[in-house]
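K.L.:
Residues per chain are reported as follows:
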Amino acid sequence: MEVAVQILFNTFVAGAIYALVAIGFNLIYSTARFFDVGYAGIAIGAAYVVLYTYKTLQFPLVISIACGVIAAGGLGWVIEKTIYKPLRVRKASNTVLLVASIGVLTVLQSILALLFTSQFQTLSRDIGSLHVLEFGGGAITETQVIIIVTAIILMCAVMYVLRYSLFGKAIRAIADDEEVARIVGIPSERLIGFVFFLGSAIGGVAGIASGFDSGVHPTSGLTLVLEGIIAAIIGGIGNVGRGVLGALLLAAIENVGVWLVSGEWRGAIAFAVLILVLLFRPRGIFST
Amino acid sequence: MDYLLHIAILASIWSILALSLNLVVGEMGLVSLAHAAFFGIGAYTTALITQAGMNFFLALFIGMGVAALCALLIGAVLSRFKGDIYVLGSLGFTVIVYSLFLNAQDITHGPLGIAGIMRPTLFGFSFSSSTAYLILSVVFLAVTYACCVFVTNSAFGRIVHAIREDETIATLLGYRTVQYKLLMFIIAASFAALAGSLYASYISFIDPSSFTLNVSIFILATIILGGLANSRGAILGAVILIALPEALRFVGFPTDIAAQMRLLTYGAILIALMLYRPQGLLGTFRL
Amino acid sequence: MGSKMWLIIGIVVVALIVAFAYMRGTDTAVSESGPIKIGVSMPLSGEAASYGEAGRAGLELALKEINDAGGVNGRTVELIYEDDTCDSTGATVFQKLTSIDNVVAIIGPVCSAAAGPALPIARAAGTPTILIGASAPGLAGGDDSIFSNYASDSLQGKFVADYVYNTLGKRKVAVLYVKNDWGQGLQQVFSDSFTALGGTVVFNDGAAQDATDVKTLLTKIKAEQPDLIYLPAYPALAVVTLRQMKDLGMITPVMGGDALVGDEFLNSGVADGVMYVTGAVGTPDSFKDKVKALSGSDTAINIITPLGYDALHILANVIAEKGTDPKAIVEGLKGLNYTSGISFSVISYDQNGDLKEAAYDVNVVKGKTPEKLSL
Numbered sequence: 001m002e003v004a005v006q007i008l009f010n011t012f013v014a015g016a017i018y019a020l021v022a023i024g025f026n027l028i029y030s031t032a033r034f035f036d037v038g039y040a041g042i043a044i045g046a047a048y049v050v051l052y053t054y055k056t057l058q059f060p061l062v063i064s065i066a067c068g069v070i071a072a073g074g075l076g077w078v079i080e081k082t083i084y085k086p087l088r089v090r091k092a093s094n095t096v097l098l099v100a101s102i103g104v105l106t107v108l109q110s111i112l113a114l115l116f117t118s119q120f121q122t123l124s125r126d127i128g129s130l131h132v133l134e135f136g137g138g139a140i141t142e143t144q145v146i147i148i149v150t151a152i153i154l155m156c157a158v159m160y161v162l163r164y165s166l167f168g169k170a171i172r173a174i175a176d177d178e179e180v181a182r183i184v185g186i187p188s189e190r191l192i193g194f195v196f197f198l199g200s201a202i203g204g205v206a207g208i209a210s211g212f213d214s215g216v217h218p219t220s221g222l223t224l225v226l227e228g229i230i231a232a233i234i235g236g237i238g239n240v241g242r243g244v245l246g247a248l249l250l251a252a253i254e255n256v257g258v259w260l261v262s263g264e265w266r267g268a269i270a271f272a273v274l275i276l277v278l279l280f281r282p283r284g285i286f287s288t
Numbered sequence: 001m002d003y004l005l006h007i008a009i010l011a012s013i014w015s016i017l018a019l020s021l022n023l024v025v026g027e028m029g030l031v032s033l034a035h036a037a038f039f040g041i042g043a044y045t046t047a048l049i050t051q052a053g054m055n056f057f058l059a060l061f062i063g064m065g066v067a068a069l070c071a072l073l074i075g076a077v078l079s080r081f082k083g084d085i086y087v088l089g090s091l092g093f094t095v096i097v098y099s100l101f102l103n104a105q106d107i108t109h110g111p112l113g114i115a116g117i118m119r120p121t122l123f124g125f126s127f128s129s130s131t132a133y134l135i136l137s138v139v140f141l142a143v144t145y146a147c148c149v150f151v152t153n154s155a156f157g158r159i160v161h162a163i164r165e166d167e168t169i170a171t172l173l174g175y176r177t178v179q180y181k182l183l184m185f186i187i188a189a190s191f192a193a194l195a196g197s198l199y200a201s202y203i204s205f206i207d208p209s210s211f212t213l214n215v216s217i218f219i220l221a222t223i224i225l226g227g228l229a230n231s232r233g234a235i236l237g238a239v240i241l242i243a244l245p246e247a248l249r250f251v252g253f254p255t256d257i258a259a260q261m262r263l264l265t266y267g268a269i270l271i272a273l274m275l276y277r278p279q280g281l282l283g284t285f286r287l
Numbered sequence: 001m002g003s004k005m006w007l008i009i010g011i012v013v014v015a016l017i018v019a020f021a022y023m024r025g026t027d028t029a030v031s032e033s034g035p036i037k038i039g040v041s042m043p044l045s046g047e048a049a050s051y052g053e054a055g056r057a058g059l060e061l062a063l064k065e066i067n068d069a070g071g072v073n074g075r076t077v078e079l080i081y082e083d084d085t086c087d088s089t090g091a092t093v094f095q096k097l098t099s100i101d102n103v104v105a106i107i108g109p110v111c112s113a114a115a116g117p118a119l120p121i122a123r124a125a126g127t128p129t130i131l132i133g134a135s136a137p138g139l140a141g142g143d144d145s146i147f148s149n150y151a152s153d154s155l156q157g158k159f160v161a162d163y164v165y166n167t168l169g170k171r172k173v174a175v176l177y178v179k180n181d182w183g184q185g186l187q188q189v190f191s192d193s194f195t196a197l198g199g200t201v202v203f204n205d206g207a208a209q210d211a212t213d214v215k216t217l218l219t220k221i222k223a224e225q226p227d228l229i230y231l232p233a234y235p236a237l238a239v240v241t242l243r244q245m246k247d248l249g250m251i252t253p254v255m256g257g258d259a260l261v262g263d264e265f266l267n268s269g270v271a272d273g274v275m276y277v278t279g280a281v282g283t284p285d286s287f288k289d290k291v292k293a294l295s296g297s298d299t300a301i302n303i304i305t306p307l308g309y310d311a312l313h314i315l316a317n318v319i320a321e322k323g324t325d326p327k328a329i330v331e332g333l334k335g336l337n338y339t340s341g342i343s344f345s346v347i348s349y350d351q352n353g354d355l356k357e358a359a360y361d362v363n364v365v366k367g368k369t370p371e372k373l374s375l
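Residue numbers (my numbering), protein chains in the order written: chain A, 1 to 288; chain B, 1 to 287; chain C, 1 to 375.
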């Protein structure tokens, strides 16, 4: 019984991090309509900004995280304006944008390795002061609870904004058909820029969360983001709420899979699930 | 001189990979990231069979056969997908096959790899010198090139082009598009396995790290650079992307940043290509 | 520009590269004067880059010491670094170093994945090569020009099994290893030896080098209630594991492998209380300080650092005595009995080129510093 509780906790923590990735990714995908792999570099870049401000410059925790998140958003915005926008204006296909984003990821990873070395580094200053809470036989730390709560809050906030605010309606219009939206008077360029800022910032939160949960390395962004993308797809791409559900489901399957089979196959489990879902319910498990 | 021969052999092998991927991506318009898996299947099959004593050329054909079989299974699933989903699905298959190479230790030795793979022998002549191996590779490259050009210009190829341009119309015209996509995929996979066999025998040691997702991305980059739907472009792209990092070794970046600078340059080239010349150097088809 | 133009440009680029390489490659013999060139093959980018960086730091210190003392036989030593990206690029690197740069010897590779493809080239050319980390069994094999400064995993695995069973008295062990050649090799030898001694391996599973979530694996381990966890993992995975063990409230003692030597692990904040194995001399602080003074205070230092340092000094000594003829260097290495090493107290090679003996120490981390335990 204890074991089941622990696995449940593990699932929630992992699911929360995937959910954060999926939320940001869904935001970007629903407006820009392509798989932005560069998102991975931005997410881990945010974690590195926190590493620098928190550990080297010794800023207080909240300010460091704020720096990281804003840096991520800013970087996403800049990349959109300089690289993706010219491509979009030219009506480049999804694949071109995908390949360009692969280039962006490679460049970001090299820069991070140049600036921070390729060592694996942890984010926390003093791990000794971890507060471990025990419920029903399973253990979970304060940090992990904060991550879960953050994911829930962000999910609700983004869903609320998308559904009820003017901004949200405008985003959904752009997602539907960008040209029509522009004709109707929606400043789509500015809004898309803002969506990239927001989505990248949320991705930054995911990267920072993952950094605190385990650690950072210049190449660790890609695995993280791939799992988040899979979560978004199996939930139902383009929909924030379903992405979060997909994240939980993926985390559950991974953890149960590792429990029943072996840790060696972990990497393949996520993709096997992806392929099965794509075969039988390509719009996502939770789609209507 | 040996170094140049070495680069030339590698360029030939990667050209075969580029040509075969071009069949799927350029001629058929489907971005597949699964190629590293078939490259690996060919390599491991040949390695295991030649170590058991069989002749390389026989092992090569068996390797192609095994890859074709796997392509049948994987392709059957993949051919139901379109666009971005196809890309992701193919990515998934590469990761799964990589996991298999890494974890099926009884067969593949996992991360320890398979060492001591012998060079090919034909009627008593051994291809152990680099020059001999280069000639062997170039011969296979020529064969691959001829096959690819033949397939592209045949009636089969024309139908595949039609599917690329508009799959719906092709279906309306009565063609079973899924079967065409599958067949092209199998042909491409077989040639990737051919390259894998050549690779295994040349390098004499293989391990899972040569067949990762990054390798699939690299092959894709070669044909994007060289130009899609163009066989000569595929070869050109492969040659440039193999030769360029080697040239950069001589540029003399300070050693502590040289490696990262190369990666950075590589990423920057991808971005610049997409921005300014998405059809690649010689391409006729824009992604 | 039309596509014809691009075709021409492409061909010109390739031709330039060929010409460049050809010009560089025109000295066919190792020169008798001028700097002594030694090649280095290490992973300088990608996941294993921190090992290459650490090796570089050790090599740079040795290089400075050698050249400041006047070089070898009056000639300065020059290192030619190449990035083998921990995979089959090693073959290309070795080709370049042997046929274009005409180095007298090669240090490296660090990764078995690079060594496998690369060594046949050194063997064929007769280039003396000292491996500094590649540990898959049999790499240095045979009576040839390949030597290894790093003891094979079979020795370390047996030592740990013996120590854990006899000295620590543990009977139930869980093994969590990193899925690469080092971790795989160690876990196999350890499990076999430990079971042969009479102990039980209650759990044996692996995780990828870049895994960030091993909580469920740890949950499984927790359920088995082992006396000790054997963790042959690289720092990244080790830190993640220890960190998440704390998250789960697990206090089982942990024994790691020699990959944990170095700041990447010691400064991580989770190292306190962890035991790990090192070569019998290891990486003393005075050595670390000297490396950092030269390469910067945030330099990565791990086991590869002293291995590289010793390899270069060994080559310098042998060349000073025997000259730069490759066969002579190989003879010199075969008869080597080097006692000024940082990594092991005595370095000498058996008939296969492997280290003849490898004594190990067990350290336990107190705070951020390792303390040697008596065996």
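No lab work stands behind these hints, which were simulated from the structure alone.
In this text, all values refer to a predicted model and were calculated from it rather than measured experimentally.
Virtual Cβ for every residue (Gly too), placed ideally from N, Cα, C.
Just so you know, not all the hints are guaranteed correct.
What the hints assert, rightly or not - Listed next, with one range per pair, are the computed distances between beta-carbon atoms:
id, chain 1, residue 1, chain 2, residue 2, range
1, A, F135, C, G169, 31 to 39 Å
2, B, I85, A, P187, 27 to 35 Å
3, B, Y175, A, R281, 48 to 56 Å
4, C, S345, B, G65, 52 to 60 Å
5, A, K91, B, Y175, 36 to 44 Å
As the list claims (entries may be wrong) - Far from chain C by the CB rule (all over 12 Å, computed), these chain B residues:
id, residue
6, G113
7, G116
8, I117
9, Y145
10, E246
11, R249
Stated by the list, open to error - Residues from chain B that face chain A, not an exhaustive set, calculated with beta carbons under 7 Å:
id, residue
12, S99
13, V143
14, A146
15, I257
16, Q279
K.L.:
All the hints need checking, so say for each whether the structure fits it.
P.N.:
Going through the hints against the structure:
A C-beta distance of roughly 35 Å is found between F135 of chain A and G169 of chain C, which places it inside the suggested range of 31 to 39 Å. At roughly 31 Å, the beta carbons of I85 of chain B and P187 of chain A sit within the given window of 27 to 35 Å. At roughly 27 Å, the beta-carbon separation of Y175 of chain B and R281 of chain A lies outside the given 48 to 56 Å, and the hint is violated. In this structure the hint that S345 of chain C and G65 of chain B lie 52 to 60 Å apart at CB holds, the actual value being about 55 Å.
Between K91 of chain A and Y175 of chain B the CB atoms are about 28 Å apart, so this pair departs from the stated range of 36 to 44 Å. At roughly 6 Å, the least C-beta separation between G113 of chain B and chain C is not larger than 12 Å, which violates its mark as non-interface. For G116 of chain B, the condition that its CB be more than 12 Å from all CB atoms of chain C is violated, with the nearest at approximately 9 Å. Listed as a non-interface residue, I117 of chain B fails to keep its Cβ farther than 12 Å from every Cβ of chain C; the least gap is roughly 10 Å.
Chain C leaves Y145 of chain B outside its interface by the beta-carbon criterion, the shortest separation being 16 Å against a cut-off of 12 Å. Its closest Cβ contact with chain C, about 7 Å, brings E246 of chain B to no more than 12 Å, contrary to its assignment away from the interface. At roughly 7 Å, the least C-beta separation between R249 of chain B and chain C is not larger than 12 Å, which violates its mark as non-interface. Interface restraint check: S99 of chain B against chain A, minimum CB-CB distance 4 Å, threshold 7 Å, status holds.
For V143 of chain B, the interface hint is violated, the least distance from its beta-carbon to any beta-carbon of chain A being 29 Å, above 7 Å. The beta carbon of A146 of chain B is not positioned within 7 Å of any beta carbon in chain A (closest approach about 28 Å), and the interface hint is therefore violated. This hint holds: I257 of chain B has a C-beta 6 Å from the nearest C-beta of chain A, less than the 7 Å allowed. With a cut of 7 Å, the hint placing Q279 of chain B at the interface with chain A is violated, because the nearest CB-to-CB distance is about 10 Å.
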